[in-house]
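Spelled out, the chains give:
Protein chains: 2
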Amino acid sequence: MNSNVLIVGSTALDSIKTPRAENPRLLGGSASHAAVAASFFAPVKLVGVVGEDFPPRYLRFYRERGIDLTGLQFAPGKTFHWAGEYEINMNNRRTLRTELGVLADFNPQLPVSYQHAPYVLLANLAPAVQHHVLRQLRRPRFVVADTMDLWLNVARADLLKLLKHVDGFVLNDSEARQLVKEDNVVLATRRIHRLGPKYVIVKKGEHGAILSSPSGLFVCPAFPLEKVVDPTGAGDSFVGGLLGYLASKGGALETALRRGMIYGTVVASFCCEGFGLQRTARLDRRAIEQRVRQLEKLTRF
Amino acid sequence: MNSNVLIVGSTALDSIKTPRAENPRLLGGSASHAAVAASFFAPVKLVGVVGEDFPPRYLRFYRERGIDLTGLQFAPGKTFHWAGEYEINMNNRRTLRTELGVLADFNPQLPVSYQHAPYVLLANLAPAVQHHVLRQLRRPRFVVADTMDLWLNVARADLLKLLKHVDGFVLNDSEARQLVKEDNVVLATRRIHRLGPKYVIVKKGEHGAILSSPSGLFVCPAFPLEKVVDPTGAGDSFVGGLLGYLASKGGALETALRRGMIYGTVVASFCCEGFGLQRTARLDRRAIEQRVRQLEKLTRF
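These protein sequences, in sequence, are chains U and E.
The numbering of the first sequence is my numbering, which starts it at 1 and goes up by one.
The numbering of the second sequence is my numbering, which starts it at 1 and goes up by one.
No wet-lab data here; the hints were simulated from the structure.
A portion of the hints provided could be inaccurate.
As the list makes no split between identical chains, a pair holds if one copy fits it or if it spans any two.
Stated by the list, open to error - The calculated DSS-like cross-link candidates involving lysine-lysine, where the alpha carbons are at most 27 Å apart (straight line), are:
#	residue 1	residue 2
1	K161	K198
2	K249	K181
3	K204	K161
4	K227	K297
5	K227	K198
6	K164	K181
7	K17	K181
8	K249	K297
9	K198	K297
10	K227	K17
11	K181	K227
12	K249	K78
Since the model is a prediction, treat every value here as computed from it, not as a measurement.
Isolated chain U (complex conformation):
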């Protein structure tokens, strides 16, 4: 069994500053990180939009990873550009510049070959656009939406509408608290279930993640890293890896979800070890399996 994963989200150029280095116009965006992470496990169909300045080498890179680009739109104008800066502890991020470019008018149309995708990730993007994609799907098996704090502030109504129609919802702990105004993360997941999603995953960065599902909670560890070079895209890698793993396994969701989160965690940990997708690009399935075994050893009691 190896179903494919449809991933819609932003395809971007990221300029990332950290206390140690500066890297202009890296391949970035929620869909890029998620698609590359998922591609280690299952065939990926990408939906996104890029402008005339999008470097051909990034297209080659997608193709080398076997990512189907039929759903990637090429639009006149500039690719979405994000510039940000990390503080010394790598936990606090400051956006320096956001230039939406062609993303501002992104109106994704699913190719016919995409409409029957069984596993779907609505990676971080305006909730209305995520919803627009969701409406074009024919009986998907499992749909997960990711988000970011921006949408909680400027598109809350759209997000709440979307949540009624997704199976899973992924957000970080501060977003979970903000969304339902509940400080305790366990209680917050309960309230988020009431908004629609059967599966709620709260990401806690270096502290791991929590899954809340009909069969209860799963406390997912993070991989303890000695060196974090650039955490940009770690959350997208996590959920991309998770969806890719689920698609590769099929079968009962409940059982696969826990291991899927572990695989997502491992891909995300590699993502943090290089700028943009630089470390992830050099990954292979063997290195992933090795780190999964390491994580098993690190958490066994």
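Starting from the known structure of chain U, arrange chain E on it as the hints suggest.
What follows is chain E alone, placed relative to chain U:
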């Protein structure tokens, strides 16, 4: 095999304010929390000092838990009193008042019956006093020291001297960063090993704990709580439960340490569910074992 645990630390009266309630003069202090936590697993010998205002009902409570009070000093004056306030999210604590009382001149002398204790916890106390106790021990099997940020600031030299002579050292993540000026927790544990301790445990509150030992890292989960009433003493309960468990098991340290941290985590989680020692006081071994099994289920993948 059921060796005993010697615990030295503060015995205090705690007045604790939270957004929801106020509780004056509860039984508190690092030694009280640690001793009660350890008492579920092994016989405990307490070393501490109390003043004339120490309520007899607290002495009865220690005795009911089977805690040996031969080493508890009664001094003229007032018991150490701490008053603090928690913010709404229960993570930020503010000290309102600290009255050292009889703790200011605490000069613990170990009864002969205490000097051969195999498992020793130097719970949070001035490092010079911890060291003074350590010097009176005859060939202990395993000595662990706990600390707090205050001592890093006002008694750093004493603490560094002490660390050369303990097997294990427990501190929280912000203290670990501060002690060795390293932001990455994994790298920080490496540097702390170089100060002496073979076993370093970094507590991360609601995010669990990390053990660094000769055989590598152990990532210990926290128990996800729906309601945190009062986290005072959770760290002391954690390390007390850990030492009690180790004493009850004996045998190879490396294997017992991981499970010991899980037991410590579980006792600490109960501690958070009531003010002071109120919830812990109603615990029994069966409830602890049940929550350990729950934690196993919550983390299995």
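Problem set entry | Non-conforming hints, listed in increasing numerical order | Hints 2, 12 are the ones this structure does not satisfy, whereas the remaining hints hold.
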